[in-house]
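2 protein chains.
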Amino acid sequence: MAVTIRDVARAAGVHVSTVSRSFSAPHLVNPETRTRVLAVAEDLGYRPNRAARALTTGRTHNLGLIVADIANPFFPPLIKAAQAQARLRDYHVFVADTDEDPKAEEDLIQTLTKQVDGVLLCSPRLTNRTIERLREEIPFVLVNRRVKGMPTVLMDVGRGARLAVEHLTGLGHRRLAVVTGPSGSWTSKEMQEAAAAMNEVDVVFLGPNPPTELGGLAAAADVVASGATGVLAYNDLVAIGLIEGLAERGVEVPRDVSVIGVDDIVAGRLGRPKLTTIAMPTAAAGRIAVDMLLQSVDAEAATGVTMLETTLIVRESTGEART
Amino acid sequence: MAVTIRDVARAAGVHVSTVSRSFSAPHLVNPETRTRVLAVAEDLGYRPNRAARALTTGRTHNLGLIVADIANPFFPPLIKAAQAQARLRDYHVFVADTDEDPKAEEDLIQTLTKQVDGVLLCSPRLTNRTIERLREEIPFVLVNRRVKGMPTVLMDVGRGARLAVEHLTGLGHRRLAVVTGPSGSWTSKEMQEAAAAMNEVDVVFLGPNPPTELGGLAAAADVVASGATGVLAYNDLVAIGLIEGLAERGVEVPRDVSVIGVDDIVAGRLGRPKLTTIAMPTAAAGRIAVDMLLQSVDAEAATGVTMLETTLIVRESTGEART
DNA sequence: ATACTTTTTGCAACCGGTTGCCGAACCCGA
DNA sequence: TCGGGTTCGGCAACCGGTTGCAAAAAGTAT
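Those sequence lines, one after another, are chains X and C.
Start counting the first sequence at 1; every next residue gets the next number (UniProt numbering).
Start counting the second sequence at 1; every next residue gets the next number (UniProt numbering).
Fair warning: there could be bad hints in the mix.
Pulled a few chain X residues facing chain C out of the computed Cβ check, cut under 8 angstroms [as the list claims (entries may be wrong)]:
1) A9
2) G13
3) V14
4) V16
5) R50
6) A51
7) T57
8) T60
9) F94
10) D97
11) L112
12) K114
13) Q115
14) L217
15) A218
16) V266
It is worth saying that the hints were derived from the structure and are not from the lab.
All of these numbers come straight from a predicted model, not from anything done at the bench.
Glycine included, every Cβ here is placed at the ideal spot set by N, Cα and C.
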């Protein structure tokens, strides 16, 4: 029912190979012939079948994009950017959600493998060993996770955390709390290390916590107990939950406690108080990751780590320490 | 390099067709043989190539999911649910973002067509004519858009709007404003019609507006000018922007004006005041749309319209009219 | 043991493209 | 007019599976 290359060949009075070449190796066919073939193809509404093509070329022109949770507001901008960039390069992208389940993640990679040229793994929950093993089967690019020797896109939360701490100390805060994320998170580890290395300030670590508003809500008690007046939260969702939890205890932000989040999600820009936060360049990460992936798809051995800058955005959830 | 059906056949000492049947037509092969073949396959790490299979069967086991804007918080839950449901049925899904551009939308459908068994169109911006034409080429399911004779999943915003208006009148509001969305939006039209049909209340329509916080922000002046004390906004983003804009004018929500949004996005549940909103069952819509699509993929002629219930969630952005 | 079913398996064509190889047609200069 | 080099297009094998058909094997009835 669909029009194939043979239909076009018949209608144009040439061999299928000529039609094929008219599309994928123009210099090998007489311009005149080519024009005629293209015209006939257009006329018949012919569209090459990418899957069939992939069978011989080994290039599907598809990418896989695997994320822990599509609904986590951190990811959609990244997905959007990655998809747009892929499209620019004439690639389509499978998006898959693992629901934070490493098993599902591995399974997905396995079944996707034959249908894609490469996979973007965003904040994967798999073990390093598994990732290294899987790498034999298909090119990867990692986002937000570091595994030796693998192409990676990272966002410099360490620096962001330092800026955040400086911002807080600049406002007179001397005792800070870091509300950490899941224990396996690279981001969380980076934040902790950066904060711990700062001078002239007391830092306590509260966690691990689930990376959600509920996590923040639950951490409120600990924060109060810690006596900290400045808080760096694992992400904006946690920060928002935390502010909520503090309010329930009569602690007002930023009057009594200053709170900084990470990600710069939309929800933080709206609402009240507007969040001071470390903005993550998720869109850029998506774009760059796609380009790195495509590069390592045909370069065979490309690797490297790209570190993206983060920025501190000061809004309303931080203020001077009360003296 | 990858292990194919022929490798398995060789290793198991059988013909490729036997291997093929061991996977896709078990009843046609001796249980003993099958067990052996499966063991060898497992051993070699064989995974059937879906794309190759699609070539003969005509079933790719892939779906396309096309949305206007991945980053719009309305969509991620839908995408997530659709993806999960597809996975349950052993389907993979291409996600594509059109950036609100009808041209991109059509193009995407065209290039995706050969690689998928069906396409989910969410809030499409294409004309009815185009949609009907494209339908010849590939099965569709529409979400949030009505085209005669096409399988569709709708969410009952009309009823939601009626509930919202009743809620407001119940609080004593007698003059309402509806801040409408983009002019082509089915949702917006439904809301308007439902609101207009209500008795014992004055309704003015303000719009069209872009479906974003900025749209709401800009509409604040009109709302103030309208003298309305209750507002139904096109969606939560607009509602949040509107509340912001009203605040800038010294109008406090819900003290001076009550505001109701649509969608129940996360940003509305957090922040302050927490939004009273019409919750859209986006996850359910995603799930059901996928099932309808798969149904119409093999049933060839399935059609029908599914209307999903919406709910009014009362939070903090609505209150009694001042007397 | 024979003839007739019913399973089980192999053969080969096919899905829709791509590509190495070879011959035909063409071009050029001598 | 002829030899040699290009350009162009056809042939056929191949990618990794599926499937209709028929042969072989196994089971059953006589």
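Identify every previously stated hint that the structure contradicts and give their numbers, smallest first. 1, 2, 3, 4, 7, 14 and 15
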